[in-house]
Amino acid sequence: MASHAEETHHEYSQTAIATHAEGQHHPIRVYLIVWFWLFVLSACSYLVDYIGLQGYLRWGLILTFMMLKAGLIVAVFMHMVWERLALAYAILLPPLAVLVFVAIMAIESDYTALTRLTSFVNGG
Amino acid sequence: MAETTLNGFGAKAERQNGGLRSVAEDWSSDQRAFKSASWGKAMMWIFLLSDTFVFSCFLIAYMTVRMSTVEPWPNASEVFALHIGGSDVPLILIAIMTFVLISSSGTMAIGVNYAYRRNRRMTVVMLVLTALLGATFVGMQAFEWTKLITEGVRPWGNPWGAPQFGSTFFMITGFHGTHVTFGVIFLFIVAFKVWRGDYDRGQRGFFTSRPGDYEHVEIMGLYWHFVDLVWVFIFAFFYLW
Chain A
2 MASHAEETHH EYSQTAIATH AEGQHHPIRV YLIVWFWLFV LSACSYLVDY
52 IGLQGYLRWG LILTFMMLKA GLIVAVFMHM VWERLALAYA ILLPPLAVLV
102 FVAIMAIESD YTALTRLTSF VNGG
Chain B
17 MAETTLNGFG AKAERQNGGL RSVAEDWSSD QRAFKSASWG KAMMWIFLLS
67 DTFVFSCFLI AYMTVRMSTV EPWPNASEVF ALHIGGSDVP LILIAIMTFV
117 LISSSGTMAI GVNYAYRRNR RMTVVMLVLT ALLGATFVGM QAFEWTKLIT
167 EGVRPWGNPW GAPQFGSTFF MITGFHGTHV TFGVIFLFIV AFKVWRGDYD
217 RGQRGFFTSR PGDYEHVEIM GLYWHFVDLV WVFIFAFFYL W
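Protein sequences appear in the order of chains A and B.
For the first sequence, position 2 matches number 3 in the numbering used here, and the numbering has no gaps at all.
For the second sequence, position 210 matches number 226 in the numbering used here, and the numbering has no gaps at all.
FYI, nobody ran anything at the bench for these hints, they're computed from the structure.
Note that the coordinates shown come from a computational prediction; the quantities given were computed from them, not determined experimentally.
Ideal placement from N, C-alpha and C gives every residue a C-beta, glycine not left out.
Hints may contain errors.
Residues of chain A clear of chain B, computed beta-carbon distances all greater than 10 Å [as the list claims (entries may be wrong)]:
#1 Gly56
#2 Tyr57
#3 Leu58
Here are the computed distance ranges between Cβ atoms for each label pair [what the hints assert, rightly or not]:
#4 B:Gly102 to A:Ile52: 14 to 24 Å
#5 B:Arg220 to A:Phe37: 37 to 47 Å
#6 B:Gly101 to A:Pro96: 35 to 45 Å
#7 A:Glu109 to B:Val70: 19 to 29 Å
Isolated chain A (complex conformation):
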């Protein structure tokens, strides 16, 4: 039984080395700085609503703060900047297809709103 356990251990020692080589080692300070900026950016996006900004300025700021926060989380917390480009491209490029979907549905809902406005004018 004991020898079996040893054998199992030996079998997986390669994996252990592999993960050691692949493990992410970065100073904790990096995470604290990102944490701080996530707080600042969240406070900023909350302020956009609190102050009551409207129109393109509001939407622009919301999107800017959102993308900055998302970028910081993916890049540092999820270690994407330290991964190889093959992984980064495989994961980060496909979501861009969602933008096409957004465009299609935006056109579609514009049309739906238009037909509703014209058809429901007299109470549908």
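Since the structure of chain A is provided, determine the placement of chain B on it from the hints.
Relative to the frame of chain A, chain B by itself:
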């Protein structure tokens, strides 16, 4: 030495000036395309990619109903306001929830760091802290749901305007809350395994029977940061827009 053999092409040093050529080399190389990530980590990333599409579909559905309705959309700033100290503070609970979730992401990242330093004690502390912050988030969400339901919000209607508000709210925050809940459960499991030393001994897991390894903490972290990431988009599009 181990690094060079494992990466095949001395990959890590090449990465800085690799560019597209390194991507082509990785993808056309023998045995594995993701040189810097184990299959466990790569599969978690691919799962998260699919989850990204799920949440994207919810948010796109929300955009579609909000753009096409002819009734006014309820003002989230007022709907989610709390009455504190004699005045309504807009969105305050959602703001606190955001800070709680970001903090849990911070403790998670530090926990992963301690795991790779083989500091079991601090890893457990950080993981449990992350789980507790996550549970706090779910608790506040339950409060939010209760408040809205008592005010008359239903998936088919609400007192303030477009009925689609309720259905998208419950669908999107409910699905996100479920993700957080499962994350909390698995955080406790991983924390327990770290505490018990499973990852030092390479003990096989009860479910996947994979040998334990501290990389599992990082993979757990990927999931948890993703939950935080999704909240960033929900916060922007549903609550602030």
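Results of checking the hints against the structure:
With a least CB separation of 12 Å from chain B, A:Gly56 remains clear of the 10 Å interface cut-off, as annotated. With a cut of 10 Å on Cβ distances, A:Tyr57 stays outside the contact zone with chain B, its closest approach being about 13 Å. Its beta-carbon lying about 13 Å from the closest one in chain B, A:Leu58 satisfies the requirement of being farther than 10 Å from that chain. In this structure, B:Gly102 and A:Ile52 meet the distance hint of 14 to 24 Å, their C-beta atoms being roughly 21 Å apart.
Taking the beta carbon of each, B:Arg220 and A:Phe37 are about 39 Å apart, inside 37 to 47 Å as hinted. The hinted window of 35 to 45 Å between B:Gly101 and A:Pro96 holds, with their beta carbons roughly 42 Å apart. A hinted range of 19 to 29 Å for the beta carbons of A:Glu109 and B:Val70 is consistent with their spacing of about 20 Å.
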